[in-house]
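**Q** Two chains, two frames, a set of hints: combine them into the complex.
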Amino acid sequence: MTHHAAPVGGPFLTRTARWLLGLVALGGIIAAWRFANGIGSVSALSDGYPWGIWIALDVVIGTAIGCGGYAVAILVYVLNRGKYHPLVRPAVLTSALGYSIAAVAIFVDVGRPWNLFKVPIQFWHWNLDSALLEVALCVMTYVAVLWIELSPAFFEKWKAEPGGALHGLATALDPLVRKLMVPLLALGLLLPTMHQSSLGTVMLLAGHKLHPLWRTPLLPLLFLVSVIGMGYAVVVFEGALSGALLTRRRETPLLADLSFAMVPVGAIFLVLRYADLAFRGLLADAFRPSWLVALFHLENVLVLAAMLMLLSPDGRRNATRLLRAALLFLLAGGLYRVDTYLVAFDPGSNWHYFPAVPELFITIGLVAAEVLAYLWIVKRFPVLAGRAGAAGN
Amino acid sequence: MSKIDRRTALKGLAAGGLAAGAAATGTGARAAEHERPEPPPDAVGMLYDATLCIGCKTCVVACREANGLPPERDTVHGGIYDAPIDLSAGTKNIIELWRDGDEWSYVKRQCMHCLDPACVTACMLGALQKREHGIVTWESSLCIGCRYCQVACPFEIPKFQWHEANPKIVKCELCNHRLAKGQVPACCEVCPRGAVIFGQYDALLAEAHRRLEENPDRYVPKVYGEKDGGGTQVLMLAGVEFEKLGLPDLGEDPAPELARSVQHGIYRGFVAPVVLYALLGGVIWRNHRAAARDGEDER
Chain V
1 MTHHAAPVGG PFLTRTARWL LGLVALGGII AAWRFANGIG SVSALSDGYP WGIWIALDVV
61 IGTAIGCGGY AVAILVYVLN RGKYHPLVRP AVLTSALGYS IAAVAIFVDV GRPWNLFKVP
121 IQFWHWNLDS ALLEVALCVM TYVAVLWIEL SPAFFEKWKA EPGGALHGLA TALDPLVRKL
181 MVPLLALGLL LPTMHQSSLG TVMLLAGHKL HPLWRTPLLP LLFLVSVIGM GYAVVVFEGA
241 LSGALLTRRR ETPLLADLSF AMVPVGAIFL VLRYADLAFR GLLADAFRPS WLVALFHLEN
301 VLVLAAMLML LSPDGRRNAT RLLRAALLFL LAGGLYRVDT YLVAFDPGSN WHYFPAVPEL
361 FITIGLVAAE VLAYLWIVKR FPVLAGRAGA AGN
Chain U
1 MSKIDRRTAL KGLAAGGLAA GAAATGTGAR AAEHERPEPP PDAVGMLYDA TLCIGCKTCV
61 VACREANGLP PERDTVHGGI YDAPIDLSAG TKNIIELWRD GDEWSYVKRQ CMHCLDPACV
121 TACMLGALQK REHGIVTWES SLCIGCRYCQ VACPFEIPKF QWHEANPKIV KCELCNHRLA
181 KGQVPACCEV CPRGAVIFGQ YDALLAEAHR RLEENPDRYV PKVYGEKDGG GTQVLMLAGV
241 EFEKLGLPDL GEDPAPELAR SVQHGIYRGF VAPVVLYALL GGVIWRNHRA AARDGEDER
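Protein sequence lines, in the order shown, are assigned to chains V and U.
So that you can map any letter, position 197 of the first sequence is 197 in the numbering used here, and since no number is skipped, the others follow by simple counting.
So that you can map any letter, position 177 of the second sequence is 177 in the numbering used here, and since no number is skipped, the others follow by simple counting.
Simulated from the structure, these hints should not be mistaken for laboratory data.
Wrong hints could be hidden among the right ones.
[To be verified] Listed next, the in silico BS3-like pairs over lysine-lysine satisfying Cα-Cα at most 27 Å (straight line):
#, chain 1, residue 1, chain 2, residue 2
1, U, LYS222, U, LYS57
2, U, LYS168, V, LYS118
3, U, LYS181, V, LYS209
4, V, LYS179, V, LYS209
It should be emphasised that the depicted structure is a prediction, and the values quoted were computed from it without experimental measurement.
Isolated chain U (complex conformation) (with noise of 0.2 Å):
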C-alpha cells in the first residue's frame, strides 16, 4: 500500500508544484505589461533645480523649524554648528554637496513621494500610505517599527527614532500640516532663488521641460522623478548626472512591481495555497486510513 500511497503523493506534489510554476510565469508576461502608476488627480509636489541652488541651506533650518526638529549639532566633531551629515529622524530635509574636479552639484534629498512607493508596498498595516494629494504619510497607529520600508526604500528616505523608548518613522510629509493651512512647504517658502518650488504635480513637470527646453545646454536632458522608478511626485532638474549626486539608476518600472508581481503571481486569489492546502489534507488523510487499516500503531 505504501508504494501506491507514495506515487499518488508524488503526483500531488508535482501537480501541486505546476500549479505555482503556471501562476509564476503567468505573473512574468503581465509584470512586462503593466501600467505606468498614475499620479492621483489632486497629485502636488515640488520641482528642484540643482543649478539654481547656492547651497545656503535656508530651507534645512525652516524644514527644522516647521516640524518642530531640534538642530543636530553632534555630527561634526565637537561643532558649534547645525550641521547634520545625512538624513536623519532628526533632519527630514538636507542640501549635499557632490564635487570632483571642476564639476559639482548641490543636491536636496527628502522623500520623493513615489507614484508608487516601495515604502508603502513593504507596509504591512499601511502605515505608510499615499494619502491625500499624493503625499506619502506615516500613521503611528499602525506602525509596528519593523523598518521594513527602509528596507525597500531605493531613495532611504524613512529614518528610524534608534534612541526612543516610543520610536516613530520620520520622513518628509511634504509639510501637510502646512498645505491645510493654505500655506506651502517651508523650504519651498523661503528659498532666496526658488531652486525649490511647489506646485501642482502636472505643472511642475510641465515647468521642468519648458527650462529643459529653453536652456539644453544647462542641465543634463531628464527630468528626474518624470519615469524613474515609475515616476515620483518630487521631481528634479541638474547640470551633472544624477546618479554621481546620489539619485540611483532606478529604470522605469515601478520600484516595488517585481517582489510585488512574484507576491502576487503565488497567492494570486488565494488559489495555490488553498489548492496545496486541499492537496495535503487529502494525501494525509490517505495515508492515515491505510495505516489504520493496516492495523499500525497510529498517532
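Next comes chain V alone, as it looks inside the complex (with noise of 0.2 Å):
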C-alpha cells in the first residue's frame, strides 16, 4: 500500500473547489429549512414512496460506488494479486468518502435522526427480523472501519512532521494499527458482504408492491454480485478520472488488467438473473411489452454491452473505451438498484414519485462534498501513486 503513494499537493481552493463549496453551502441549507420543517417541504416524498432519491441514490447507489475498496481487496487480500497493491489506497478512500456521505444522507432522510444513536447501543431493542436493522449496523462499523484502513496514509504524513499536532498521536497508533490490519482488512471484506446483500433483501419485504421481474428470493445475491463489478468499475473509473484532472501518473495496463474481473462478475449477474426468472416461470412475463421490461432487460444489456467492450486485451488497453466501459456497469448497476427501489416499487396508481429541486439539491450538495473531501485528501496526504518519475518514498 505504501509503494508510491505520495500527496499530490497545489492549493486547495481552486476555481472548481469554490464552486463545490457554494453546492455544498447551498445543500446546506436546505437540510437546515429540512430539519425546521419537516421531511416534506423539501421532498416530494409521500407516504406511497416514503423513499426517494436521499435512499435509492445516495445511499444504495452511493455505498455501491464506495465498494471499490471492497472490490479491490478481494482481489488484493484474497486472490492475492499484489500488483493491485497501488491501487488498494485510492479505492479505500473513495469507499471511507462514499460510506461516510451515505451516513449523512441517512441523517437527513430518517424523521427522527435523535433516535440513531440507539440503533447501535440499545442490542435489547434490535429486531433480528429486521434486514434494515442489518444494514444499519454493519454500515456504521464499515465506515469506522474504512476510515481505521485509511488511517496509516494519515499516519503517515503526520509523522513525517516532527513539530505537528498529530506527530505524537500518529507514532502512538501507527504500529497498533498495523498491527491489527489483518482482521480489520477481514472485517472490511465480510461487512460489505452482508450489507450489500442486505440491501437487496430489504425490498423483498415490499412484497407485492415490488414488481415480480425483480422481487426474486435471489435478490440478495444478485445486489451483492452486481456490486463488486460495480466496484471495479469504479476504481478504473476514479483511476481514470484522476489520472486526468490530476495529471497522476495513468494506471492504465492496472485498471486494464483490473477491469477484466468486470467480465466474469457480469456473467454471473446476467446468467442468475435470466437464470432465476426461468425458475420463477417468468421468463414469458419477461419478454410481454412494457416500459418496465424494457428497463429490466437494459440494466442487463448495458452489463453485457460493458462486458464486450472489455473482452479483448486490445479494448482494455484503450483508455477511453476502458473508462466507457466501467461507465456503462456503474450505470447497470446504479439502474438496476433505482429500479428495485423506485421505479418497479409500485404503492398504487393514486401514488407518483419524481424529485423536488430542493431535495435533488441536498443529493446534489452531498456529491459535491464527498468530492470536496477527496480532493482535499489526495492533495494533502499519500493516497494517490505518484506522478511519473517524481514516484517513491
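**A** Right under this line is the structure:
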C-alpha cells in the first residue's frame, strides 16, 4: 500500500473547489430548512413513496460506488494479486468517503435522527427480523473500519512532521493499526458482503408492491454480485479520472487488467438473472412488452455491453474504451438499484414520485462534499500513486 | 507461492459460497412448511360488513374526535368540508366508495392489525409491535423515522407526518386508549348500522362465518383477513370482490414470510458470517505471512 503513494499537492481552493463549496453550502441551507419544517417541505416524498433519491441514490447507489475498496480488497487480499496494491489506497478513500456521505444522507432522510444513536447501542431492542437493522449496523461499523484502514495514509504524513500537533498521536497509533490490520481487513471484506446483500433483502419485504421481475429470493445475491462488478468499475473510473484531472501517472495497464474482473462478475449476474426468471416461470412475462420490462432488459444489456467492450485485451488497453465500459457497468448497477427501490416499486396508482428541486440539491450538495473531501485528502495526504518520475518515498 | 495461495483462497471462497447456498436451500424447504400465525389469546378485533355500511362517515368523524385529529379541509379544492381523500397522518380511518357501473360498495380502510405484520418485521428497534390484545402500536422513543414500515405494509397503512420537525408514525391503534377505559373503539361505538363491530377475535370470526352461511347471496364467499397475508385481526365481509375494494390478494402466507426466511436463512445462528470471517481472516493472514516471508514490501 505504501509503494509510491504521495500527496498531489497544490492549492485546495481552486475555482472548481469554490463552486463545489457553494453547492455544499446550498445543500446545507436546504437541510437546515428540512430539519426546521419537516421532510415534506423540501422533498416530493409521500406516504406512497416514503423512500426517494436520498435512499436510492445517496445510500443504495452511493454505498455501491463505495464498494471499490471492497472489490479491490477481494483481489489483493483474498486472491493474493499483490500487483493491484497501488489501487488499494485510492479505492479505500473513495469507499470511506462514499459511505460517510451515505451516513450523512441517512441522517437527513430519517425523520427522527435523534434516535439513531440507539440503533448501535440498545441491542436489547434489536429486531433481528429486520434486514434494514443489519444494513444500519454493518454500515455504521464499516464507516469506522474504512477510516481505520485508511489511517496509515494520514499517519504517514503526520509522522513526517516532527513538530506537528498530531505527530505523537500518529506515532503511537500507527503500529497498533498495523498490528490489527489482518482482522480489520477481514472485517472490511465481511461487512460489505453482509450489508450489500441485505440491501437487496430489504426490498423483498415490499412484497406485492415490488414488480415480480425484481422481487426474487435471489435479490441479496444479485445485489452482492452486482456491487462487486460496480466496485471494479468505480476503481477504473476513479483511476482514469484522477489520472486526467490531477495529472497523475495513468495506471492504464493495471486498470486494464483489473477491468477484466467485470467480465466474469457480469456474466454471473446475467446468468443468475435469467436463470432466476426461468426458475420462477416468469420468462414469458419478461418478454411481454411494457416499459418496465424494457428497463429490466436494459439493466442487463448495459452489463453485457460493458463486458463485450472489455473482452478483448486491446479494448482494455484503450483508456477511453476502458472508461466507457466502466461507466456502462456503473450505469447498469445504478439503474438496477433505482428500479428495485423506486421504479419497479408501485404502491398504487394514486401515488407518484419525482424528486423535488430542493431534494435534488441536497443530493447534489452531498456529492459535492464528497468530491471536495476527496480533493482535499489526495492533495494533502499520500493516497494516489505518485507522478511519473517523481514517485518513490 | 502466490499460485498456491490463490488456489487455497478460491477453495475457501467456494466452500463459503456452498455453505451460504445450503443455508438458503434449507430456508426454502422450511418456508414451505411454515406454520400459520396464531392470534394472541387476548386478541380483539373488528368486523366490518361492507353490505351494511351506508357511507355516512360518522366513524371517520368519531375517529378524529377520539384520536385528537383535526378535520382535513384542504384535500378538496377550496372545500369547506372535512373530506379527506385517503388515509394520511391526519386520518386514521376512512370510508371509501368503489363503483363500476351498477355495482358499488363502500369499504373501510384502517390498520388491519395483522397476525404477522410486515411493519413489525421491518421495524429496526421494535417501535412498531404487536402489544396488548395483539394491537399493533407505535412507540415514539424507538422510532428513528426510517419509514421502512411504509415500504413494507401491504395495506399502505402507516402514515408519516411529512411537515413536522418531530414527525410521528400515525395509524389506527384500535383506540387502545379507549379500551383501557373499558370503552370500545370510537368507530364501532358510533356506527348507526352496526357495519363495524368490536369484539374478541374468535367471536368476530365466528360471527362473520355465521353471516356468510345465513346470507350466502349477499356476500362474496370469503372473510377477508381470515387467512389473507397470514391473517388479520380486522375482518371484512363484502358483496363484491375484495380486490376491487383495494384489498390486495396476498395469498395465505404471512406477508413478511419470504423476506424473513431469506434473511434468517442467511443469518441463522449467525453461523455464516462467523465462518466467512474466519475464512477471510485465515486467507488474508496466510497471504500476509507469505508475502512477509518473501521479503516483499508489505503494508
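**Q** With reference to the structure, classify each hint as holding or not holding.
**A** Verification of the supplied hints:
1. Proposed proximity of U:LYS222 and U:LYS57 is supported: the alpha carbons are some 25 Å apart, at most 27 Å.
2. Our distance criterion of 27 Å between C-alpha atoms is met by U:LYS168 and V:LYS118, whose separation comes to about 17 Å.
3. Between U:LYS181 and V:LYS209, the direct Cα distance comes to roughly 38 Å. Violation of the 27 Å bound is thereby established for this hinted pair.
4. Distance hint between V:LYS179 and V:LYS209 is unfulfilled; the C-alpha atoms sit about 48 Å from each other, more than 27 Å.
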